[in-house]
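**Q** Given next are the chains, with one letter for each unit.
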Amino acid sequence: MSKQKKIGRYKILGELGRGAMGVVYRAEDPALDRVVALKTILLSDDVENRKDYEKRFALEARAAGKLNHPNIVTTFDFGEEGDLAFLAMELLEGTDLRTRLKEKGLATDDAVEIAVQVADGLGFAHERGVVHRDIKPGNIMLLERGGAKIMDFGIARMRSDDFKTSTGMVLGTPRFMSPEQIAGVAVDQRSDVFSLGVVLYEMLTGQMLFAGADSAQIAHNVTNIEHEPPSRRNKEVSSLLDFVVARALKKDPAVRYQDAYEFAADLRTCLAELRGQPATETKRDTTKTVKLARKIDSKQPAPVAGAIAASTRLSLSRQFDSRAALKRLAAPGMLDRASLVRPPRHVGLLRRICRDAGPRLLFISSLLAAAAGSWIAFG
Amino acid sequence: MDSSYVASVVFLKIQEFASRAASEQARQRAQLEAVIAVTTADLAPASRVVLDASDGAAIVVLANPAGALRLAERALKASAAGLPLCAGINHGAVRVLGSGMGEAMVGDGIAVAASIAQFAPASEVRATRAFRDALADAAPGQEASLVPKGASSDASLRSHELFTRDRAELQRRARTYRALSTAAVVVLLASGIGWRVSQQGKDAFFDGLAAKYRATTAQGERYVRGLVDKAKFQ
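Top line first, the protein sequences correspond to chains E and W. Quick note on numbering: the first sequence equals residues 67 to 445 in our numbering. Quick note on numbering: the second sequence equals residues 6 to 239 in our numbering.
Hint data in this document are derived by calculation from the structure and do not stem from the laboratory. A hint or two may mislead.
Below are the SDA-like pairs computed for lysine to any residue, each with C-alpha atoms no more than 25 Å apart in a straight line [unchecked claim]:
(1) E:Lys393 - W:Arg32
(2) E:Lys393 - W:Asp113
(3) W:Lys207 - E:Gly212
(4) E:Lys393 - W:Lys217
(5) E:Lys121 - E:Gly131
(6) W:Lys207 - E:Phe444
(7) E:Lys393 - W:Lys207
(8) W:Lys207 - E:His412
(9) E:Lys301 - W:Ala98
(10) W:Lys154 - E:Ala438
(11) W:Lys217 - E:Trp441
(12) E:Lys170 - E:Lys132
(13) W:Lys217 - E:Gly212
(14) E:Lys132 - E:Lys71
(15) E:Lys301 - E:Ala320
(16) W:Lys217 - E:Arg408
(17) E:Lys393 - W:Arg100
(18) E:Lys393 - W:Lys154
These numbers come from a predicted model, not from an experiment.
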């Protein structure tokens, strides 16, 4: 590759990075005299799936080309040359969020600000029928001049008909995938909302939300484990922000934020609260929802949602002191232990007569009447 | 701390919580916390654990099903001030997770309470058969106030027999027992009389009864006179 000086009309200036799908170069477009980021896929790497790769790449390019927004990396051009398919994109000066989080944490308001911008970008893409499907810190670029941009609509697909679970192709990064994405069912914009919720959680707490030894374990955690409120790990997180994160991280997409703009609006309120400012009026009508793909029923819970209810794990409330009861459970007395582990007993006649007023009245009056009747009969 | 225990779980659910704006959710959560603070005041601190749920709260009540039912009812009353609350009560296994004083609780007791709370309309409580049995064990007779309200299947396709609170049922039951007691008294006395009549004949029985009455009355009169004389001498 180093010998190749040009791809299409683009002059290669250097390598910017390598991803799972291909290499990203710094390149020059001589026609417009501008420097771009050129993302390539080496099609010959996978001959069997070449046609599928080509199709995916073209879809990606067309989808990304529709998106012109300050919080989305602009796509200029796409094409193929030999064994390479390429995509020319806006070249950004900055650092990606993953690197930033590794180097140092983010202030709470900065984290929310970034999430607002990403949500705005996603909202714009969703309105145009494009779902990113791989929102993660590595795909969010923090610009030197400020602001955040969503990169790599590399697996973004047109929402309607091209999801191919039958081929076993699951797209995305497990740690940031939504439960429905892991389940392999059709996803919509609410999946991106979940992924952004995970990113926001990690920005706020500096800790991974869904960790695991392998992908299977992470997938299990994504679908089953309820998150701990971020305020427990970061005291600066307000209860309002806890709620916003919780709503974005709902396992059931039907009860999650229905679109990214709605999420952004609530985040702006949190940001105003954090910065001690009155909430600014949002530019958009926040009650507006993006029309869902026809195949997706918003009322229909994701297949994983059912399992969640059955494995309820609830955290102790911080508002109420439960130490006395927990102490009692930790070291119950002999008698207390019996009452704490014994299932309910059947209530026998004797206990019923002794402790239940109705049967007691019937028993005593019958006994007295029987005695009186006997006296009358035999006395 | 690793053991499982059996406890009553009151799951207080804010209806349609997830669909509300975050600011409204925060307001309702604060309201719910106030309601829980008021309603758990009757319970000893050593007999209740309060847990956070995404759309409400769960209160695990140890060895006191009647207290759990009271708590649920009081919470629903306190929520009349605009908090759309409903409650599910179950009696089942719970377990503390985490080290030290614990961080979370799990168990079927909690899961089923959360599940049946979904079937409860606003300001109403739904209880399981297990809770009704536990209430009967702890306070025999009180379980009568939980009347059947159908059955529902949760997301895991488990079927739950549901009961709801009907205080009037306790009064109806008390009236029924009073009527039964009266009937028993009448029947037993009548049986005694019937037996005697069948043995002695009607006239002999009533003559004997009249004689006994006269004798008893005379004896009573003598006794009263004696008391009056005693009082006069003093």
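**Q** Can the restraint linking lysine 393 (chain E) and arginine 32 (chain W) be considered satisfied, given a maximum Cα separation of 25 Å?
**A** violated, 32 Å
**Q** Does lysine 121 (chain E) pair with glycine 131 (chain E) here, judged by a C-alpha cut-off of 25 Å?
**A** holds, 15 Å
**Q** Straight-line Cα separation of lysine 132 (chain E) and lysine 71 (chain E) no greater than 25 Å?
**A** It is violated: about 29 Å lies between the C-alpha atoms, which goes past 25 Å.
**Q** Checking one constraint from the list: CA of lysine 217 (chain W) to CA of arginine 408 (chain E), max 25 Å. Satisfied?
**A** violated, 58 Å
**Q** Hey, lysine 301 (chain E) versus alanine 320 (chain E), does the alpha-carbon distance stay inside 25 Å?
**A** Measuring from Cα to Cα gives roughly 30 Å; hence the hint is violated.
**Q** Are the Cα positions of lysine 393 (chain E) and lysine 207 (chain W) separated by 25 Å at most?
**A** violated, 74 Å
**Q** Within 25 Å, alpha carbon to alpha carbon, are lysine 393 (chain E) and lysine 154 (chain W)?
**A** violated, 37 Å
**Q** Given the proposed pairing of lysine 217 (chain W) with glycine 212 (chain E), does the C-alpha separation stay at or below 25 Å?
**A** Violated, at about 111 Å.
**Q** Does lysine 217 (chain W) lie within 25 Å of lysine 393 (chain E) when you go C-alpha to C-alpha?
**A** violated, 69 Å
**Q** Within 25 Å, alpha carbon to alpha carbon, are lysine 207 (chain W) and glycine 212 (chain E)?
**A** Given pair lysine 207 (chain W), glycine 212 (chain E) is violated - Cα atoms ~112 Å apart, limit 25 Å.
**Q** Hinted pair, alpha-carbon criterion (25 Å max): lysine 154 (chain W), alanine 438 (chain E). Please report holds or violated.
**A** Violated, at roughly 43 Å.
**Q** Is the straight-line distance between the alpha-carbon of lysine 301 (chain E) and that of alanine 98 (chain W) 25 Å or less?
**A** violated, 33 Å
When held up to the earlier numbered hints, the structure conflicts with 1, 3, 4, 7, 8, 9, 10, 12, 13, 14, 15, 16, 18 and fits the remainder.
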